[in-house]
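Trainee: Chains as they are written, first to last, in this note's numbering: chain S, 5 to 364; chain C, 5 to 364.
Any given hint could be a false lead.
Calculated cross-link-like contacts (lysine-lysine; reagent style DSBU-like; alpha-carbon spacing at most 35 Å) [what the hints assert, rightly or not]:
{"#": "1", "chain 1": "S", "residue 1": "K86", "chain 2": "S", "residue 2": "K154"}
{"#": "2", "chain 1": "C", "residue 1": "K319", "chain 2": "S", "residue 2": "K10"}
{"#": "3", "chain 1": "S", "residue 1": "K25", "chain 2": "S", "residue 2": "K319"}
{"#": "4", "chain 1": "S", "residue 1": "K42", "chain 2": "S", "residue 2": "K120"}
{"#": "5", "chain 1": "C", "residue 1": "K25", "chain 2": "C", "residue 2": "K42"}
{"#": "6", "chain 1": "C", "residue 1": "K104", "chain 2": "C", "residue 2": "K75"}
{"#": "7", "chain 1": "S", "residue 1": "K330", "chain 2": "C", "residue 2": "K319"}
{"#": "8", "chain 1": "S", "residue 1": "K349", "chain 2": "S", "residue 2": "K154"}
{"#": "9", "chain 1": "S", "residue 1": "K319", "chain 2": "C", "residue 2": "K319"}
{"#": "10", "chain 1": "C", "residue 1": "K155", "chain 2": "S", "residue 2": "K330"}
{"#": "11", "chain 1": "C", "residue 1": "K330", "chain 2": "C", "residue 2": "K319"}
{"#": "12", "chain 1": "S", "residue 1": "K104", "chain 2": "S", "residue 2": "K25"}
{"#": "13", "chain 1": "S", "residue 1": "K155", "chain 2": "C", "residue 2": "K10"}
{"#": "14", "chain 1": "S", "residue 1": "K319", "chain 2": "S", "residue 2": "K104"}
{"#": "15", "chain 1": "C", "residue 1": "K25", "chain 2": "C", "residue 2": "K104"}
{"#": "16", "chain 1": "C", "residue 1": "K330", "chain 2": "S", "residue 2": "K10"}
{"#": "17", "chain 1": "C", "residue 1": "K10", "chain 2": "S", "residue 2": "K330"}
{"#": "18", "chain 1": "C", "residue 1": "K154", "chain 2": "C", "residue 2": "K120"}
{"#": "19", "chain 1": "S", "residue 1": "K319", "chain 2": "C", "residue 2": "K330"}
{"#": "20", "chain 1": "C", "residue 1": "K75", "chain 2": "S", "residue 2": "K319"}
{"#": "21", "chain 1": "C", "residue 1": "K330", "chain 2": "C", "residue 2": "K75"}
{"#": "22", "chain 1": "S", "residue 1": "K87", "chain 2": "S", "residue 2": "K154"}
{"#": "23", "chain 1": "C", "residue 1": "K330", "chain 2": "C", "residue 2": "K86"}
{"#": "24", "chain 1": "C", "residue 1": "K25", "chain 2": "S", "residue 2": "K319"}
{"#": "25", "chain 1": "S", "residue 1": "K330", "chain 2": "S", "residue 2": "K10"}
{"#": "26", "chain 1": "C", "residue 1": "K75", "chain 2": "S", "residue 2": "K154"}
{"#": "27", "chain 1": "S", "residue 1": "K87", "chain 2": "S", "residue 2": "K319"}
{"#": "28", "chain 1": "C", "residue 1": "K104", "chain 2": "C", "residue 2": "K120"}
{"#": "29", "chain 1": "S", "residue 1": "K330", "chain 2": "C", "residue 2": "K154"}
{"#": "30", "chain 1": "S", "residue 1": "K120", "chain 2": "S", "residue 2": "K86"}
{"#": "31", "chain 1": "C", "residue 1": "K319", "chain 2": "S", "residue 2": "K25"}
{"#": "32", "chain 1": "S", "residue 1": "K330", "chain 2": "C", "residue 2": "K330"}
{"#": "33", "chain 1": "S", "residue 1": "K155", "chain 2": "S", "residue 2": "K42"}
{"#": "34", "chain 1": "C", "residue 1": "K75", "chain 2": "C", "residue 2": "K120"}
Derived list of chain S stretches under chain C, where covered just means 3 residues or more per stretch with a C-beta under 8 Å from a C-beta of chain C [claimed, not checked]:
{"#": "35", "stretch": "200–209"}
{"#": "36", "stretch": "320–327"}
Keep in mind that the hints were calculated from the coordinates and are not lab data. Even for Gly, the Cβ is constructed at its ideal location relative to N, Cα and C.
Protein chains: 2
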Amino acid sequence: MMMEGKRLESIWYDRELDVVKIIDQNLLPHELRIAELKNLSDACHAITTMQVRGAPLIGITAAYGLYLSLKEDPRQQQLAIKKLLDTRPTAVNLRWALDKMQQSLSGIESELLAEKALETACLLKEEDSVICEAIGESGLPILQALWRQKKGYQDCINILTHCNAGALAAVDWGTALSVIYKTAEAGVPIHVWVDETRPRNQGASLTCWELSQAGIPNTLIVDNAGGHLMQLGQVDVCVVGSDRTTLGGDVCNKIGTYLKALAAAANNIPFYAALPISTIDSSMVTGIGSIPIEERSADEISYVYGVDQEGNRSKVRITEERTRIKNYGFDITPAQLITGIITEKGVFEANEISLRGALD
Amino acid sequence: MMMEGKRLESIWYDRELDVVKIIDQNLLPHELRIAELKNLSDACHAITTMQVRGAPLIGITAAYGLYLSLKEDPRQQQLAIKKLLDTRPTAVNLRWALDKMQQSLSGIESELLAEKALETACLLKEEDSVICEAIGESGLPILQALWRQKKGYQDCINILTHCNAGALAAVDWGTALSVIYKTAEAGVPIHVWVDETRPRNQGASLTCWELSQAGIPNTLIVDNAGGHLMQLGQVDVCVVGSDRTTLGGDVCNKIGTYLKALAAAANNIPFYAALPISTIDSSMVTGIGSIPIEERSADEISYVYGVDQEGNRSKVRITEERTRIKNYGFDITPAQLITGIITEKGVFEANEISLRGALD
């Protein structure tokens, strides 16, 4: 995607410096700063502190992280994989990417491991971009059909999205936002309602920024507002990402997704999840009780980051210090609330029969 | 209620200084500061900037505001009423309180107007406290019955509330929180999930503070989290306030209430609105399209207030300056999602037949 006039991806390998480069997403939208990952510890830190986040991007970062580790010590493969898997419990792409890496490294001699790991990580990265673009192309006909219905009554299609499932959540294109980019490219007039997405405000800080960089009209709302907009007829369709999708079609995504899916169902608004097939966890049919839901630090809720009056990055504490806080990272939207699952292989129904077909 | 060891109400008349005193709620939970309202302009400013907020308290503040205006100029009654009505469009208590004031002032000679206005405002204030305490008593049997059902399986009743419908939203006791205070007083073990309530964070800054002052166990969550907790069986009942209730039982309350009501219905969790009869607007049956929904400044979303590392009140901007924002203050929860309406006269069904009975 274009970011501040430059063609950038969210992660890439710098061959000259032999480091992995990422956009430090904790500094957006106030500063576009490139950070370097030089070793396993940098990669784990980038994932846990959410300098990189989003299911596809976490997977690619872990793949590069394994390369960085093997470069330092080719004997530490299993330990490195364990450390990388421990960074985030919910997103299944982490495991998927590391499985792919292990398959490619199987039988490789010790002195060639690092080289092979780099080759595979770069390949996975390139594939991710192709897959995400294909997700957008799969979703395009859905929004085109909606526009044909609405045209004459409305001047654009209003799409609601939650969190950031954009180029910043992947290598490029994104998942939910890929559908939006492809729809805009196809000449359909669109406007995006962006949920702020507390506690980390990925909507406010990443999605609004990313959409504005791409010239897509967007409006920020608080997470509380989506239901009201749907009642008013101001939302035509919802498109979100997914961190893990069960075979039965339950979608585990950023906390709050479930509430928007309920409101969409109550107001007869189609609700789509857009995701790479790698997000589908074939080991489970039902999500509730099976998918581990990450609990994160209370500080993510009590401290809010932004810029102060001088434009410097700063934080304020909004609660009393003694306030007790629970901070769940994800929730599960049951399959019956999902209109369809948009993947790189096409659109599937949110049920086991259909999704088994997607995995073939 | 007890606040920092002192018995305080949210608003009172100081006879010695001839001023109205309020708690400046914009400074909580970091500072408990008393502010003085000396004239009409102070009263209007306190309502619009939300130094005072909450349907009952807005009404009482407007009543005192009319006194402060008549004291300065008894000929400006109609102009003062208009200015006060214009401060907030959604809460119907503002109009209710000013109607009560006008009735009591009708036929009073000019030089006695201010005195009569003060007398009536003080009366309305005392009544509000009695009414809110009665709301708590009406709701108590509901929570006692829930506890009888759950006892043996659970160690407490988990109540979810949104925004602040506590003593700080009224003169004392509050509406939703009055039910909670009365239930705790009756010896039922309770724990309250407090929605943060973006954009102004009244849950984080007022409800957690108020409940903690009263010694009631509470946990702060982001507005996105309630649905997930309900799916997990961690919420036994929801109790919220109301800024305006239609005869048909639609409840207009803080933005986001509707989403929690949808989640409660989807998970078979009872959802109650607790409100004074004065909040019922007998001029309308259906809320959507009839109740004006206040739109507030985008700055409420883009700037977040808290304390900095030195403990000083400070703000940060979380968005880019160019970000387009929509900020709706309220939403409407349709009657069919409301289990019951708890008032000072008892508990009513959310329908026209039942609520006409409440108005008799």
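Trainee: A separate judgement is required for each hint: does it hold in the structure or not?
Mentor: Checked hints:
{"no.": "1", "hint": "S:K86 <-> S:K154", "verdict": "violated, 50 Å"}
{"no.": "2", "hint": "C:K319 <-> S:K10", "verdict": "holds, 32 Å"}
{"no.": "3", "hint": "S:K25 <-> S:K319", "verdict": "holds, 26 Å"}
{"no.": "4", "hint": "S:K42 <-> S:K120", "verdict": "holds, 17 Å"}
{"no.": "5", "hint": "C:K25 <-> C:K42", "verdict": "holds, 9 Å"}
{"no.": "6", "hint": "C:K104 <-> C:K75", "verdict": "holds, 18 Å"}
{"no.": "7", "hint": "S:K330 <-> C:K319", "verdict": "holds, 24 Å"}
{"no.": "8", "hint": "S:K349 <-> S:K154", "verdict": "holds, 27 Å"}
{"no.": "9", "hint": "S:K319 <-> C:K319", "verdict": "holds, 8 Å"}
{"no.": "10", "hint": "C:K155 <-> S:K330", "verdict": "holds, 24 Å"}
{"no.": "11", "hint": "C:K330 <-> C:K319", "verdict": "holds, 20 Å"}
{"no.": "12", "hint": "S:K104 <-> S:K25", "verdict": "holds, 21 Å"}
{"no.": "13", "hint": "S:K155 <-> C:K10", "verdict": "violated, 62 Å"}
{"no.": "14", "hint": "S:K319 <-> S:K104", "verdict": "violated, 39 Å"}
{"no.": "15", "hint": "C:K25 <-> C:K104", "verdict": "holds, 21 Å"}
{"no.": "16", "hint": "C:K330 <-> S:K10", "verdict": "holds, 30 Å"}
{"no.": "17", "hint": "C:K10 <-> S:K330", "verdict": "holds, 30 Å"}
{"no.": "18", "hint": "C:K154 <-> C:K120", "verdict": "violated, 51 Å"}
{"no.": "19", "hint": "S:K319 <-> C:K330", "verdict": "holds, 24 Å"}
{"no.": "20", "hint": "C:K75 <-> S:K319", "verdict": "violated, 45 Å"}
{"no.": "21", "hint": "C:K330 <-> C:K75", "verdict": "violated, 39 Å"}
{"no.": "22", "hint": "S:K87 <-> S:K154", "verdict": "violated, 50 Å"}
{"no.": "23", "hint": "C:K330 <-> C:K86", "verdict": "holds, 27 Å"}
{"no.": "24", "hint": "C:K25 <-> S:K319", "verdict": "holds, 32 Å"}
{"no.": "25", "hint": "S:K330 <-> S:K10", "verdict": "violated, 39 Å"}
{"no.": "26", "hint": "C:K75 <-> S:K154", "verdict": "violated, 57 Å"}
{"no.": "27", "hint": "S:K87 <-> S:K319", "verdict": "holds, 30 Å"}
{"no.": "28", "hint": "C:K104 <-> C:K120", "verdict": "holds, 12 Å"}
{"no.": "29", "hint": "S:K330 <-> C:K154", "verdict": "holds, 23 Å"}
{"no.": "30", "hint": "S:K120 <-> S:K86", "verdict": "holds, 19 Å"}
{"no.": "31", "hint": "C:K319 <-> S:K25", "verdict": "holds, 32 Å"}
{"no.": "32", "hint": "S:K330 <-> C:K330", "verdict": "holds, 28 Å"}
{"no.": "33", "hint": "S:K155 <-> S:K42", "verdict": "violated, 51 Å"}
{"no.": "34", "hint": "C:K75 <-> C:K120", "verdict": "holds, 10 Å"}
{"no.": "35", "hint": "200–209", "verdict": "holds (count 7)"}
{"no.": "36", "hint": "320–327", "verdict": "holds (count 7)"}
In this structure, the hints that do not hold are numbers 1, 13, 14, 18, 20, 21, 22, 25, 26, 33, in rising order.
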